[in-house]
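Residue numbers (my numbering): 133 to 265.
Note that these hints are calculated values from the structure, not bench results.
Warning: the hint list may mix true and false statements.
[Said to hold, decoys possible] Using 25 Å as the maximum straight-line C-alpha spacing, the simulated SDA-like pairs for lysine to any residue come out as follows: (1) Lys-232 with Gly-180; (2) Lys-183 with Lys-205; (3) Lys-170 with Ile-212; (4) Lys-183 with Thr-214; (5) Lys-232 with Thr-157; (6) Lys-237 with Met-133; (7) Lys-232 with Gly-244; (8) Lys-205 with Thr-181; (9) Lys-171 with Pro-158; (10) Lys-183 with Leu-219.
[Unchecked claim] Distance windows between CB atoms, simulated: (11) Lys-136 with Pro-265: 15 to 23 Å; (12) Asp-172 with Ser-248: 33 to 41 Å; (13) Gln-247 with Ile-166: 31 to 39 Å; (14) His-194 with Glu-150: 18 to 26 Å.
From a predicted model like this one, the values you see are computed outputs, not experimental measurements.
Yeah, the Cβ is synthetic: ideal placement off N, Cα and C, and Gly gets one too.
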Amino acid sequence: MTFKDLGIALPILKAIEEQGYTNPTPIQEQAIPILLNKKDLLGVAQTGTGKTAAFSIPIIHHLHNSQDQTRGKRRIRTLIVTPTRELAIQIADNFTAYSKHTHIKNTVIFGGVKQSRQVNALRNGVDALIATP
Numbered sequence: 133m134t135f136k137d138l139g140i141a142l143p144i145l146k147a148i149e150e151q152g153y154t155n156p157t158p159i160q161e162q163a164i165p166i167l168l169n170k171k172d173l174l175g176v177a178q179t180g181t182g183k184t185a186a187f188s189i190p191i192i193h194h195l196h197n198s199q200d201q202t203r204g205k206r207r208i209r210t211l212i213v214t215p216t217r218e219l220a221i222q223i224a225d226n227f228t229a230y231s232k233h234t235h236i237k238n239t240v241i242f243g244g245v246k247q248s249r250q251v252n253a254l255r256n257g258v259d260a261l262i263a264t265p
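Assemble the whole structure, with the sequences as input and the hints as a guide.
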């Protein structure tokens, strides 16, 4: 099976191919079709198996397909909460890479740094917010 077989939007396919992905990992192969069908899912897999792509690619797909319905200032349409700053940054970096050829904007927020850049990003509008408490 390839990512093309999963029915992912073409701009996202292009971005994941540029990341060097050709075949989904087992967690991706199992999770992406369920999430593309807007079903809930609880997935468990070891570190390094592609869990971030397994959940973020379908989110980006849905955001991309529904962007025509949004008018005016961008608003947060999805929230990804993660337990650590490092993981939030990693998810945001991957989210940016996978959505490279779409108009989807994301940002990451976390404590321990000056707020101004994060507040400005939110004021400018984002589709996806990746955050840690």
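Tell me the hint numbers this structure goes against, listed in increasing order. The structure conflicts with hints 2, 6, 7, 8, 11, although it agrees with all the remaining ones.
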